[in-house]
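Number of protein chains: 2
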Amino acid sequence: MKLYELVGRDKSIGFSPFVWRVKMALAHKGLAYETVPLHFTEIKDAVAFADCKSVPVLVDGDNVVADSWEIICYLEEAYPDRPSVFSDHHAAKLFNFQIALPLLAPLFRTIVPDIFEVIHDMDKDYFRKSREARLGRTLEEIAEDYEEPLSIFEANLMPYSQFFKREQYMCGAGPGYQDYALYAMFLWARATSDKKLFEDDDPVADWINRMDQCCGGIGGAVKKIK
Amino acid sequence: MKLYELVGRDKSIGFSPFVWRVKMALAHKGLAYETVPLHFTEIKDAVAFADCKSVPVLVDGDNVVADSWEIICYLEEAYPDRPSVFSDHHAAKLFNFQIALPLLAPLFRTIVPDIFEVIHDMDKDYFRKSREARLGRTLEEIAEDYEEPLSIFEANLMPYSQFFKREQYMCGAGPGYQDYALYAMFLWARATSDKKLFEDDDPVADWINRMDQCCGGIGGAVKKIK
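Chains as they are written, first to last, in the numbering used here: chain A, 1 to 226; chain B, 1 to 226.
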């Protein structure tokens, strides 16, 4: 299998939160793959064959699948003998929406200037123009005001802190889709930003420690891109 | 079975969102029960036997169970032959936290002055004092500023609008725990307030219509307390 992924100036560290969902699912299932690391401005041409414009894209023999959710659903169907990441398919699908606007969106606004610092020089012009257009402000203005989106992120993370006070994983005795989806978001931040997203004694920190060790520690090995 | 519940000045209309979770679960399972309707200031003495201070309390023969989550878990265990409300126990437990701070809390601040209007006269002094102390403002001040918590509620409801654009229920082909827990919150508002919580063309409105018809229409029959 080949997984097309996004990297910064260090080609060995992928940082897309959506690619990380797939990587965790592949590890959960014990499926081997190689990655095709791409810079932002290489993606469009590189994945045109998959009739899409973004990563992740998975090529598995003759099968080409785009979109992290579609890829994970494909893996569930194509490899029914492997451990499933879903404890409940509907709850997993709902979870995508439960974290997109409340957590991913404010975290994006919190770390977007930091992401700019770790991407390849060839991407900088594209990244600045597209993100500044999307957010209606310069990266420098956003960098000055990061406390506001960070406080929204922190507030929306609180239900998870409450949950992890007593529970180990969102999917039961071991990690599953919801754990991987939320954890992938923290790997995105870890690879790109030094900002502190939660206190050391937050139950979320304990859960992240557990996640760092699962699936052979592939997430725990992620360092900030230099 | 006996279910101790909270009512306003109309004793026939229960409005506690936590009692409604249990009522929907009982209906889902086809279990018969009678209710013990209580005003706020009657609850403490009436449920002291259950070693708690709030409703719902369920009495099932020799078994006495307090707290909506505990009651529903009890029903699952005590009546394993009845349809389960859980498609995934862990996702259901997480859902309690996912809606408590983001949705129930701002909705409470939105409708608390309306609740005051529909409770029994005997409760008014207690309700005003306890709620004003909790919120740090008078009910009249809160009533003037309801747009702020309502806008938080609306923003936090958006993931569900997105989900229900394509999906019928949160628990799969039919309603389950997550559907009942969120729906119970809307019944709380319907019984106590005229405030508009979503647009008519919001996918949440379609889901509520479906919920109004499930379980013999017990939720659909709820009207605002006069």
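Bear in mind the hints are in silico, worked out from the structure with no lab data behind them. As the structure is a prediction and not an experimental result, all values here were calculated from the model. Do not take every clue at face value.
[Said to hold, decoys possible] DSSO-like mimics (lysine-lysine), calculated; alpha carbons at most 30 Å apart, straight line: (1) B:K29 <-> A:K93; (2) A:K53 <-> B:K53; (3) A:K93 <-> B:K93; (4) B:K223 <-> B:K44; (5) A:K165 <-> B:K44; (6) B:K44 <-> A:K44; (7) B:K165 <-> B:K53; (8) B:K93 <-> A:K165; (9) A:K11 <-> A:K224; (10) A:K2 <-> A:K29; (11) B:K124 <-> A:K196; (12) B:K223 <-> B:K124; (13) A:K165 <-> B:K124; (14) A:K11 <-> A:K124; (15) A:K29 <-> B:K224.
Each hint, compared with the structure:
1. B:K29 <-> A:K93: Holds - the C-alpha atoms of K93 (chain A) and K29 (chain B) are around 26 Å apart, at most 30 Å.
2. A:K53 <-> B:K53: violated, 56 Å
3. A:K93 <-> B:K93: Holds. K93 (chain A) to K93 (chain B) sits at ~16 Å (cutoff 30 Å).
4. B:K223 <-> B:K44: holds, 26 Å
5. A:K165 <-> B:K44: Holds, at about 29 Å.
6. B:K44 <-> A:K44: It is violated: about 64 Å lies between the C-alpha atoms, which goes past 30 Å.
7. B:K165 <-> B:K53: Violated, at roughly 40 Å.
8. B:K93 <-> A:K165: The hint holds at about 12 Å.
9. A:K11 <-> A:K224: holds, 12 Å
10. A:K2 <-> A:K29: holds, 15 Å
11. B:K124 <-> A:K196: Violated, at roughly 45 Å.
12. B:K223 <-> B:K124: holds, 21 Å
13. A:K165 <-> B:K124: The given pair, whose Cα atoms are some 36 Å apart, is violated under the 30 Å limit.
14. A:K11 <-> A:K124: holds, 16 Å
15. A:K29 <-> B:K224: violated, 51 Å
Of the numbered hints given earlier, the model fails hints 2, 6, 7, 11, 13, 15; all others are met.
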